[in-house]
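Enquirer: Listed in order, the protein sequences are those of chains A and B.
When the first sequence is numbered by my numbering, its final residue is 311 and no position is left out of the sequence of numbers.
When the second sequence is numbered by my numbering, its final residue is 474 and no position is left out of the sequence of numbers.
FYI, nobody ran anything at the bench for these hints, they're computed from the structure.
All residues carry an ideal CB built from backbone N, CA and C; glycine is no exception.
Hints should not be assumed to be uniformly reliable.
[Claimed, not checked] With a straight-line Cα cutoff of 25 Å, these simulated SDA-like cross-link-like pairs (lysine to any residue) come out:
{"id": "1", "chain 1": "A", "residue 1": "Lys6", "chain 2": "B", "residue 2": "Arg345"}
{"id": "2", "chain 1": "B", "residue 1": "Lys339", "chain 2": "A", "residue 2": "Leu177"}
{"id": "3", "chain 1": "B", "residue 1": "Lys367", "chain 2": "A", "residue 2": "Gln191"}
{"id": "4", "chain 1": "B", "residue 1": "Lys339", "chain 2": "A", "residue 2": "Leu169"}
{"id": "5", "chain 1": "B", "residue 1": "Lys339", "chain 2": "A", "residue 2": "Ile175"}
{"id": "6", "chain 1": "B", "residue 1": "Lys367", "chain 2": "A", "residue 2": "Ser256"}
{"id": "7", "chain 1": "B", "residue 1": "Lys339", "chain 2": "A", "residue 2": "Thr26"}
{"id": "8", "chain 1": "B", "residue 1": "Lys339", "chain 2": "A", "residue 2": "Thr209"}
{"id": "9", "chain 1": "B", "residue 1": "Lys186", "chain 2": "B", "residue 2": "Trp110"}
{"id": "10", "chain 1": "B", "residue 1": "Lys367", "chain 2": "A", "residue 2": "Leu193"}
{"id": "11", "chain 1": "B", "residue 1": "Lys367", "chain 2": "A", "residue 2": "Ser180"}
{"id": "12", "chain 1": "B", "residue 1": "Lys367", "chain 2": "A", "residue 2": "Ser131"}
{"id": "13", "chain 1": "B", "residue 1": "Lys367", "chain 2": "A", "residue 2": "Ile23"}
{"id": "14", "chain 1": "B", "residue 1": "Lys367", "chain 2": "A", "residue 2": "Leu169"}
{"id": "15", "chain 1": "B", "residue 1": "Lys367", "chain 2": "A", "residue 2": "Trp174"}
{"id": "16", "chain 1": "A", "residue 1": "Lys6", "chain 2": "B", "residue 2": "Lys186"}
{"id": "17", "chain 1": "B", "residue 1": "Lys367", "chain 2": "A", "residue 2": "Gly30"}
{"id": "18", "chain 1": "B", "residue 1": "Lys303", "chain 2": "A", "residue 2": "Leu176"}
{"id": "19", "chain 1": "B", "residue 1": "Lys303", "chain 2": "A", "residue 2": "Ser180"}
[Said to hold, decoys possible] To give an idea of the interface, some chain A residues facing chain B are shown, with a C-beta separation under 10 Å as derived from the structure:
{"id": "20", "residue": "Leu21"}
{"id": "21", "residue": "Leu34"}
{"id": "22", "residue": "Trp164"}
{"id": "23", "residue": "Leu167"}
{"id": "24", "residue": "Arg179"}
{"id": "25", "residue": "Ser180"}
{"id": "26", "residue": "Gly190"}
{"id": "27", "residue": "Ala196"}
{"id": "28", "residue": "Arg207"}
{"id": "29", "residue": "Ala208"}
{"id": "30", "residue": "Ser254"}
{"id": "31", "residue": "Ile255"}
{"id": "32", "residue": "Asn259"}
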Amino acid sequence: MNPLTKPWIWSWLAAAVAFGLTIGLTAGHGAGELAYAALSFGAFAAIVGLGQMLVITLGPGNVDLSIPATMTLAATLALKAMSSDPGTAFLGLCIAIAVGLGTGLANYFLIFLLRLPPIIATLAASLIYQSIAIWSNRGLRIKPPTGLADFATGRFLGLPNVAWVGLLLAVLVWILLERSVWGRMLLATGQNLRVARLAGVPVELVRATTYVSVAVFASLAGYLLASFSGGAALNMGAEYLLMSIAVVVIGGSSISGGNSNVPGVWGAALFMFLVVSMLNSYGAGAGVRNVLTGTIIIGIVIAASTRRVRA
Amino acid sequence: MLDHESALIVTLVDAAKHFGPVRALDGVSLSVAGGDCIGLVGHNGAGKSTLVNLINGGLAPSSGNIKFSEGATALVAGVRSVFQELSLCPNLTVAENLKISHSALKGPGWRRTARAEIRASLDTLFPGHNIDADAEVDTLSIAERQMVEIAIGFAPRGSRARLVILDEPTSSLDQGIADQLLTHIKRFCASGGAVIFISHMLGEIFEVSNRIIVLKDGKVVAERGSGEFTRQGLVDAMGHVAPETIEESGPKGDYGPEVFSTSQGLSARQGEIVGLSGLAGHGQAEALARLYLSRSSAWQSSKSPEVVFVAGDRPRDGVLPLWSILRNISISVLQQTAKRGFVNRLAETAVAADWKTRIGIRTDDVKNPILSLSGGNQQKVLFARALASSAPLVIMDDPMRGVDVGTKQDVYAMIRAEAVKGRTFLWYSTETEEVCQCDRVFVFRNHEISAELTGADITEEKILGASFEMQEAS
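Pulled out of the complex, with its shape left as it was, chain A reads as follows (with noise of 0.2 Å):
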């Protein structure tokens, strides 16, 4: 089979280009900070993008704009918990969880109960958790306790430990998707939701636990994040909003639902980071890089996107 005809190659074949550009720009050197770099932040980029890619995929109009706050949030009350003490990682990660439980809960009531637009509902609701987060912050900054920083910002066997973290939520994705009932029911819901209702699917169980395992995705992302970063802060999130969605749609999965990629997503959130290298290293303004930044992602969703209409 063409390899070609893979929509989540070309997400890889602009990392990998991308990569080539900055390190041809050194002759070479750096190219391993810059591969553990790529990783590293690439790593946040894919757990958020592989939550926003299960709500995706359970078709038109789905999709959650919280991630930002929901991040935010489970990263500021878990820190609080923590407040710094040695030996509890642990209730910080069930606190950050619980988090994603319940903002994943709420989004779904929103959404159901009073049938808003997925979009108007997640955005709304996103102000409530962060305003929930400035509320309990209040502008402290809580360092994380030391070993919990210690493990997110060191490496094992070479790649950083956050990665480890992505690739390992990424397999089970993938296993979830290919190989579950479930991950057959939410492809089917994203094809047709009326047909997946009466060929027996139970629609409403498939699209409640994909808002609540996107939001848990999303406050896994910020605990991660603010122990690798020293702290939570309250726009520590901002950037996963767009990012969420390009790696999503860079990394071949179908906007219209019904189909996702994980390897994609991947590729996706590597080539993110390393295109704002790249043209750091290059010299280009913050303008001329946004531009950029915005052209490539949309010159890659058009080679993805034809090429799997002729495959």
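Assemble chain B onto chain A, guided by the hints.
Expert: Relative to the frame of chain A, chain B by itself:
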């Protein structure tokens, strides 16, 4: 048909179409002239739809050629097609849908012209139709949508329709409307137009056509005047050995306990085949969907579901378009064989292979995409999905649309056999012939049950009588 030589519309010489290794059409020669009314028959996947698409320019032939006597393209030559998969835009009004295929219609005030033209066409074809030219298509029933599509096909649209190809136009229409259409076709051909009429209802083929072409495995196996065929001869030519006798030894009378009964008055007993009839769009499909939804959960999936659904409106209710045939069959039975929430892929493959042979899905590999199948074969997949599950109640919403005669007989027999084993069937059909095979029939009128017929009372006259309001009674 040499006497029509002067008015030749389209000529195909040895036209073939291959999709990869699949020879959908394997060299067909055919000429159509004004006044011809050609009945085109063949089993599912015989190449009927491919032939239509070659004539209307939707597909280019792999070899051979197609010549139009007037102009180079089908459009200029006045060739129109009406598809079995409805091709209207659901978010536009009836008049706006006419505009799409009427490029001459432009400038301010085109809506008024479009409205008048579609109204005139509907009035000619289906007198008393009740379709508003300003209604959005998705508010219409499936039968009404089909009527609009047919009306657009026959509308003048700036030139004149010379050849209209009708692919299964009557499969979602009830008897009365179908008769109106057949009458119009005869009128159209008498005035010099040509029609290619595809139908699995042989009665209709014999009624309208003056020439019948039988396709089998992509080849023309018989082409004769319709007077030279007998019904049986036609079925034989299609190459399906249809069992002539439908066993009359049904278990009439000895049913199990009542399985359900709704406030509307619908009820069924175990092992019974209950038919729903009446004019299309009088609430039968809604009643079935309501019943299904009330007896299945959107929150739990059960290892032994109570009820399964066979859809007739495939794109809306049945087919999962991104998936393979295999996954489309297995979606309703995954729970039954799953181990700890994981798909049992061996069991899944076995179920699909079993049903591929049992119901005769025409594909060389069940891993092919479902959309590679013809409409009738997609319908078989939906049957397989439902019958493969163990659910005691099977709801069927006009499930025979686009299914060929041979397969229909097979499915009837399968339904009978399953009913004897204790499964209950609830079957809505627009074909009175099918409803007459049921043990009990509910006739719907205006979203209410107007009659319940059993045993010898189930006749076409009684069903039609209950379908229409009896003016003299009031």
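Enquirer: Double-check Ser180/A for me: the hint is only fine if its C-beta lies closer than 10 Å to a C-beta in chain B.
Expert: holds (5 Å)
Enquirer: Quickly compare the C-alpha distance for Lys367/B and Trp174/A to 25 Å and report which way the hint goes.
Expert: Holds, at about 20 Å.
Enquirer: Does Leu169/A lie within 25 Å of Lys367/B when you go C-alpha to C-alpha?
Expert: violated (29 Å)
Enquirer: Next pair to validate is Lys339/B with Ile175/A; report whether the Cα-Cα distance is within 25 Å.
Expert: holds (14 Å)
Enquirer: Is the interface hint for Ser254/A satisfied, with its Cβ closer than 10 Å to some Cβ of chain B?
Expert: holds (8 Å)
Enquirer: If you draw a straight line from the CA of Lys303/B to the CA of Leu176/A, is it 25 Å or shorter?
Expert: Given that 25 Å is the threshold and the Cα spacing comes to 19 Å, the pair holds.
Enquirer: Check the hint pairing Lys6/A with Lys186/B against an upper bound of 25 Å on the C-alpha distance.
Expert: It is violated: about 52 Å lies between the C-alpha atoms, which goes past 25 Å.
Enquirer: Taking only the CA atoms, is the gap from Lys367/B to Ile23/A under or equal to 25 Å?
Expert: violated (43 Å)
Enquirer: Min Cβ distance, Ala196/A to chain B: is it shorter than 10 Å?
Expert: Check passed: Cβ of Ala196/A comes within 8 Å of chain B, closer than 10 Å.
Enquirer: Within 25 Å, alpha carbon to alpha carbon, are Lys367/B and Ser180/A?
Expert: holds (18 Å)
Enquirer: Do the alpha carbons of Lys6/A and Arg345/B lie within 25 Å of each other, as the hint requires?
Expert: holds (23 Å)
Enquirer: May I ask you to test the interface hint for Arg179/A with respect to chain B, counting a Cβ-Cβ separation under 10 Å as satisfied?
Expert: Result: holds, 5 Å to nearest chain B Cβ.
Violated hints, in rising order: 7, 9, 12, 13, 14, 16, 17, 20, 21, 22, 23 and 31; the structure is consistent with all others.
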